[in-house]
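Take each chain as given, in its own frame, and dock them per the hints.
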Amino acid sequence: MANPVTSSILQLPKRPWFWAFVASGITFGATYALTEGSGSSELISAALTFATFSAIVGIGQMFVITMGPGNVDLSIPATMTLAGTLSLKFMDGSTALILPGLGIALFVGLAAGMFNYLLIRLLRIPPIIATLSASFLYQSLAIWWNRGLRIKPPEALADFTTGSLAGIPNLTIVGLLIAVASWFILQRSIFGRWLSAVGQNTRAARLSGIPVEAVKAATFIGSAVLASLTGYLLASFSGGAALNMGTEYLLISIAVVVIGGCSIAGGNSNVPGIWGGALLMFLVVSMLNSYGLGAGVRLILTGTIIIAIVAAASGRKGSA
Amino acid sequence: MQLATTAGSSPPAIPLVALLDARMAFGAVRALDGVSLTISPGECVGLIGHNGAGKSTAVNVINGGLTPTGGSVQYTLADGSKGNGAAVARACGIRSVFQELSLCPNLTIEETIRVPHRDLKGFGWRKTARKRIAKALDQVFPGHGIEPGMIVGDLSIAERQMVEIAAGFAEGSIPARLVILDEPTSSLDAAVARQLLDHVRKFCASGGAVIFISHMLGEVFDVATRIDVMKDGKIIDSRPTSDFTQQGLIDAMGHVASTKAEARSQTSREDRIGEEVLNTPEGLSARRGEIVGLAGLAGHGQAEALARYFVSRSAGIHHTKTPEVAFVAGDRGRDGIMPLWSILQNLTLTHLPSLLRRGLVDQKAEDTLAQDWKQKIGIRTENMNNPILSLSGGNQQKVLFARSLASSAPIVVMDDPMRGVDVGTKQEAYDMIRREAEAGRTFLWYSTETDEVVQCDRAFVFRNGQISAELIGEDITEENILAASFEMHEEAS
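Those sequence lines, one after another, are chains V and Z. Quick note: the first sequence, position 317, residue 322 per this note's numbering, numbers continuous. Quick note: the second sequence, position 107, residue 585 per this note's numbering, numbers continuous.
These are computed hints drawn from the structure, not numbers from a lab. These figures come from a predicted structure and were not determined experimentally. Each hint should be verified, as a subset may be incorrect.
From chain Z, some residues computed to sit far from chain V (all C-beta separations above 12 Å) [stated by the list, open to error]:
#	residue
1	Leu515
2	Gly520
3	Asp667
4	Ser792
5	Leu949
Here are some chain V residues pointing at chain Z (derived, C-beta under 10 Å) [unchecked claim]:
#	residue
6	Leu123
7	Ser138
8	Phe141
9	Ala186
10	Gly197
11	Trp199
12	Gln205
13	Gly214
Built from N, CA and C at the ideal position, the CB exists for glycine as well.
Excised from the complex, chain Z in its bound form (with noise of 0.2 Å):
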C-alpha cells in the first residue's frame, strides 16, 4: 500500500485501466455492449446496476479474466509501460475480492493466501503469509480477532469475506493499485462495513484505486467518487458522486418503462380472484386464481421461500392423487428432470398416483396425457419416448411445466422458470400462465426479470430474505420494485 502512493504521486490521472467500447458476448447474449471507462489512482468507482446489468462481466474484463470479444483493455503499468492481457493486468497490481468466497474450506488462512499471492513460495512462505495476511487484516480490520492458523472452513461467513477482503488490500511483490470489491458488504455487519469503507477511503486518498459493486446505495455514495450505472451491458450514466440523488439513481437503473403492466389480463382483477389460499408465516399470501409475483434481487431469499412453502405443504411420507401445491422448477438440471428418463416419463411424473390402474401405472392412460400435453404445450419432438435430454433447454422446461400444470394441484409454485428460455417460448408460457390462473389456480411465481413481476397480480419484494414490500396491481412497476429491493439508508446509522 506505501508502494502505491509512488504511483498515485504521478500528476493528472494517468488511468490505471481504459476500457475502450469493451463488447463481450457469450454466445448469443451479449453481456458487454460496449463499454467504455477509464479508472485512475486515486479513484473509488461505484459500479450499480441490476441483476444481469454486466457488472461482474465488466469487473472479469477489468481484471484480465476475460478477453473482451471486442474494443480494447488497456492498463498502464507503475513504470508507465502500457500493455493488455491477464499477465499484465497482475503485473499492474489489479486485485479482485468476489462475493462468492474463493477461499478453499479445508486449508488455513494463511494457505489460502499462497493462491492469489503467487510470490509465496520456498522456504518458510508460511511464515511470511501469517505476517502479510495478519497485518492486513490488522489494517483494514482493526480488533478482528481472527488468527492466520485457523482453518477456513471454522470461519463464520462474515470472517471469510474479512480475510478476502484483507487479502486483496495485503502488500505483495505486485502492490494492490486497483481493488475490485464486488459485493464485500454482503455478509458484514454494519460495524465491520464501516471499518471498511474507512480503509477503502485512506487506500484511494494515498492514490489507490476501487471499484465498489454494492446493491446498498447507502454505501455506494458513501465512498465513490464517481457512480457508473450499467444497465442492459452498458454504461448508461457516470457521474461524480456528487451529482446523483438516490432517487436519481434508482431511476436511471430502470428507467425502462413498462409495456406489460396493460397486457396484464383481460377479465378483471375482481372477477377471477377469489378467497385467500395461502398464507405463510414469513408474510407471502396469495388468494384463488391470483399470479403472485416474487421479486428483489437475486438471492435475497425468494427461492428459499417458494421450497420451504413447498415442502411444508407436501409431506415426504404419504402421496397423494390431490397434492395441495405442485412445483416448476427453473434449475433443471438440479431441481426438475430426471436425466435417464424419457420425455413422457419426466412429463408424468407429478399425476402419475391418479394413472394407477389395479396399482400399476396405466400406460395408456399415461400416453393419452402425455400426447394431450404435447398438442397443449407444443413440445417439439417427433415422439414422446425419447430421452428428456435430447430436447432443447426451452422444450425442456415446457415438459416441467407440463408436469406440474397436469396435476390437480390448485397452487402453482413457480422457481424463476424461465431461466435460459427464448423469447417465443416465454410467451407461450405467459398465455398458459394466464390461462390456467383464469381456471382458477393461484400461482406463486418468483422471477428475476422485471417484465415478468410487472405481469403479476400482486407482488412481494424480497431483501435479504424478509418481504420488503408488497406491491398490488398497477403499484407494480420497475421503480417501485428497485427502490425496495436496495437499502435505502446505511444500517443502523
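Chain V extracted, bound-state conformation (with noise of 0.2 Å):
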C-alpha cells in the first residue's frame, strides 16, 4: 500500500467526476491554444459564471433523477421563466425590494414544485409527463405576466451578478455554497440517506419505514426552488428577463447530472461532477466557437463530446 496521499490520487480517474473535469481542462487547452492565451482569464470568468447556472439547476435535476427511472424534471426551464419574470416585474428596479423579489422567486419555485408533486400524486402521472404539462401553464403564465416588459433589475443586484470577489464571479460563490450544501445533505442527512433509498429500490424503501412520499415532495420542490433562483440570478445578470431565458437550461440540466456521474438508474448521485459537467457544457461551446464552425456542427460535436464522455467514464467503471 502507497501512503494514503498518492493512493487517494491514484484512485481518482475512479470517481466519476473526474473524467467531466478532464474532459473540461483539455477543452480548455484547446481553446487556450487557439487563442494563444489571450482573453483565457476572461474565459475562464465567463465559464464560471455561466457553469454557475447550469451547476445550479443541474444540482436540483440531480437530486430528481437520483430517485430513479421516470423521474425528471422537466419544468425548470418555464420554472425559471416564470421565477425571472414575476420577481423583476415586481421589484421594477427598486434596490429597496431586492429581498422580497428574491423572496417572491423562491416562492414561485416553491409553488410550481409543490404543484409538480401534486400532479403526480393524486392524479397518478408519471412525473415526466407531469413536469412537461405543467411547464406550459407556468411559460403560459410567464407570458401572461410579462406581456413582453423588458424591465430592468435593480442596479445594486446587476452589480452583484456581474460582480466578483477576489476574481471569482460573485454567482459563482453563490453556486460553490450552494453545491457545499447539497453534498452535505446528500452525504450527512437523513434525507440524503432516504433518496438514495428510495432512488434504489422504491417499494423496499417504502418497507423500512421511510416517508417515501415525502422525499418525493421535498425533491421536486428542492428542484423548483433551485431552478427558480436560477432565473432570478440569470434575469438580474442578463439585465432582464426573457421568456426563452431557460429553454437551453432543460437539456443541459440532465446533460451535466449525466456527464457528471450520477446513476440514471437512481440511488447514485455526486455534486462535484454536476460543476465539471456545468463547466464543460460551456467550455465545449466556447471553444468551437472559437474555431469558428458553424451551428450545425456546433451541435453535432456537442453531442458526440457529450456521447464520448458518459462512454469513457462508464467504460472506467465496468473495468474497475
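What follows is the structure, given as C-alpha cells:
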C-alpha cells in the first residue's frame, strides 16, 4: 500500500466526476492553444459564471434523477422564466425590493414544485408528463404576466450578479455554496440517505419505514426552488428577463447530471460532477465557437463529445 | 382429439410416459428424489402434495422441459417407437398448461396460439389458428363468449386461463395425447371448472391421458382415476382414487409428526403474552409478546395481508423515531436490500431517525449500532462498510432482521423471511425471534414451512385470500394446517 496521499490520487480516475473535469481541462487547453492565451482569464470568468447557472439547475435535476428511472423535472426552464419575470416585474428596478423580490422568486419555485408533486401524486401522472405539462402552464403564466415588458433589474442586484470577489464571480460563490450544502445534505443528512434508498428500491424503502412520499415531494420542490433561484439570478445577470431565457437549461440540466457521473438508474449521485459537467458544457461551446464552426457542426460536436465522456466514464466504472 | 383414439385403442396400456427413478437436483436442493411413475392412455392422474413437494419439477421432467440429473424418462410415440428428450416429448403429444399464465398479453389469442403450436406458419396461419382455438374453446367450454381475435391483455384472468387450457387440448399437427394441467381451476369459477372436468373425463375416455394438479381435493377426487401423493421430491403414495378418502389423503401428504411443537417456548404462554396489540379488518389479531403465524399454501394472500397491514400502520408522509411496525422482507431483492449500499447503511436504515445529531446522521452512533448487531446476530464480515452484496444470502437476511429488530417497533412483520436461508442461520433466527418475543415484541410471521408455523403461539391459515382457520397452541399441527389449506368440498355443490 502506498501512502494515503498517493493512493487517493491513484483513486481519482475511479471517481465518477473525474472525467468531466479532465474533459473540461482538455477543452480549455484546446481553446487556449487556439487563442494563444489571449482572453483566457475572461474565458475562465465567463465559464465560471455561466456554469453556475447550469450547476444550480443541474443540482436540482440531480436530486430528482436520483429517485430512479422515470423521475426527471422537465419544468425547470418554465419555472426559471416565471420566477425571473415575476420577480423582476415586482422589484421594478427598486433596490429596496431586492430581497422581497428574491422571496417572490423562491415562492414561485415552492409553488411550482408543490404543483408538480401534486400532479404526480394525486393524478398519478408519470413525472415526465406531469412536469412537462406543468411547464406549459408556467410558461403561459409568464407570458400573461410579462406581456413582453423588459424591466431592468435593480442596479445593486445587477452589480452583484456581474461582479466578482477576489477574481471569482459572485455568482460562482453562490453556486459553490449551494453545491457544498447539497453535498452535505446528500452525504450526511437523513434526507440524503432516504433519497438514495428511494432511488435504489422504492418498494424496499417504503417497507423500511421511509416516508417515501415526503421524500418525493421535498425533492420536486427542491428542484423547482433551485430553478427559480437560477431564474432570478440569470434575469438579473443578463439585465432583464426574457421568455426564452430558460430554454437551453432543459437539456443542460439533464446533461450535466449524466456527464457528472450520476446514475440514471437512480440511487447514486455526486455533486462535484455537476460542476465538472457544467464547466464542460460551457467550454465545449466556446471552444467550438472560437474555432469558428457553424451552428450545425457545433451541435453535432457537442452531442458527440457528451456521448464520448459518458462512454469513457462508464467504461472506467465497468473495468474497475 | 379424434386422432388420439387410435393410440388409445391399442389394448393393455403401453405407457405414454415412464419415469424410472428420476432424480433432479438444483445445486444442493433435491427437487426430485427418485420418482417412478407411468402414465398410460385413458388415465387421469391426480398429482397432489404440499408446496415444494416437487410437483412442478415432476411436470417439467415429464414434459421434457428439464432433463433429469438421474434416472430415466421414456416416451412411447403413437407408432409404438420409444425415445426420450424434449423433441420426442413434443412428438409424443405431451402438452402442458401452466398455472402461471404463459400467454403474451399484447398479442391476440390466435397469435399466442402460434407459440406452442409450431406448425402454424406460412400464408394464412392466422385463419388456421383461429379455427383451431375456436373449435377447442367450443369443445371444452361451450358458451365461453371468447373471440379469437381478442387481445389477450383485455381478457379476464379466468378467460386467459380458459384460452390456455383450450390451447392445450386443441388439435394440431401432433394430436394431444397427454395434457398436463397445473392448477387449472385456480382462477375459474365453479361452473366453468365443471365444464373442464367434464372435458377431461371425455378426453380420457377417448384414450387421452391427463395429469391433474390441484389443491382442490374435491376436483381431484372427481376426475382422477389414480392419485399420486408427493412429498419431499418422492411419490409417497399412489393408489386408485377409490382407495383414498379425503382425510386419508391429507394424512398422507403430511404425516411427519412435528417435533418442534415441544420446543416451543420455555416460558408459559400466560406469562409472556399480554393484551391485544393489533386487529385487522380481515380478522388477523395478535397480542403483546405473541408469535403469530400466517400459514396456508403459497400465494393465498398471506404476503398481501402483511403488506397491507404494514402500509396501513406506517404513513408515507411522516417519519417517526418510534415506528409502530417494522418489516422483515423475505424476497430480499424486491423488498429489502439496497444494492448500492454497505452492510452498515442497510442495517441502520429503519432506526436512522433515532441516530440524528443536529439534523445530521451521527456516524459514530451508527457505527456503534452496526457493531452491536454484528455481534448479536453474527453477521459474517470483516468490515461492516463492505457492500451488502458481498454477503451470502443468509447473511443478507440477517442484516434485514437486524434492520427491523434494531428499531423500537413493538410489532415485527415477517414475510417468509427464511426463504433460501441455511439451516444454521434459521436456528439462530428462531432463537432470536423467541428471545425478542419474551422481551415483549409481537411477531406476525408468514411462512411457507410448516416446521416454522408450528413454533408459533397462534396461527392463521389462509385460503384464497381469506382466513380459513385460526389455530392456537397445541392445535397448530401440520394436519390441521393442511386441512384448512385445502378446499374440502367442491364449491357450490
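Requested in this report: Identify whether the interface hint at V:Ser138 stands, where standing means a beta carbon of chain Z within less than 10 Å of its own.
Outcome: With a minimum Cβ separation of about 24 Å from chain Z (threshold 10 Å), the hint on V:Ser138 is violated.
Query - Interface restraint verdict for V:Gly214 against chain Z (beta-carbon cut-off 10 Å) - result: holds (5 Å)
Query raised in the report: Do the numbers back the hint for V:Gly197, that is, is its least Cβ distance to chain Z under 10 Å?
Result: holds (8 Å)
Query - Closest CB of chain V to the CB of Z:Leu515 still more than 12 Å away - result: The claim stands: Z:Leu515 keeps its Cβ more than 12 Å from every Cβ of chain V (closest is about 41 Å).
Query raised in the report: Once the shortest beta carbon distance from V:Trp199 to chain Z is found, is it less than 10 Å?
Result: Since the shortest Cβ distance to chain Z is 8 Å, the answer is holds.
Query raised in the report: Minimum Cβ distance from V:Ala186 to chain Z below 10 Å?
Result: violated (12 Å)
Requested in this report: Using Cβ atoms only, decide whether V:Gln205 comes closer than 10 Å to chain Z, and label the hint accordingly.
Outcome: Check passed: Cβ of V:Gln205 comes within 5 Å of chain Z, closer than 10 Å.
Query raised in the report: For Z:Leu949, is the shortest beta carbon distance to chain V beyond 12 Å?
Result: Answer for Z:Leu949: holds, closest chain V Cβ roughly 27 Å.
Query - When the least beta-carbon distance from V:Phe141 to chain Z is tested against 10 Å, hint result - result: Not OK, violated: V:Phe141 not within 10 Å of chain Z, min 29 Å.
Query raised in the report: Non-interface claim for Z:Ser792: all C-beta distances to chain V beyond 12 Å?
Result: violated (5 Å)
Query raised in the report: Does V:Leu123 pass the interface hint, meaning its C-beta sits closer than 10 Å to a C-beta of chain Z?
Result: violated (13 Å)
**Report entry** Assertion that Z:Asp667 lies farther than 12 Å from chain V (Cβ)
**Finding:** Holds, since 31 Å exceeds 12 Å.
The earlier numbered hints that this structure contradicts are 4, 6, 7, 8 and 9.
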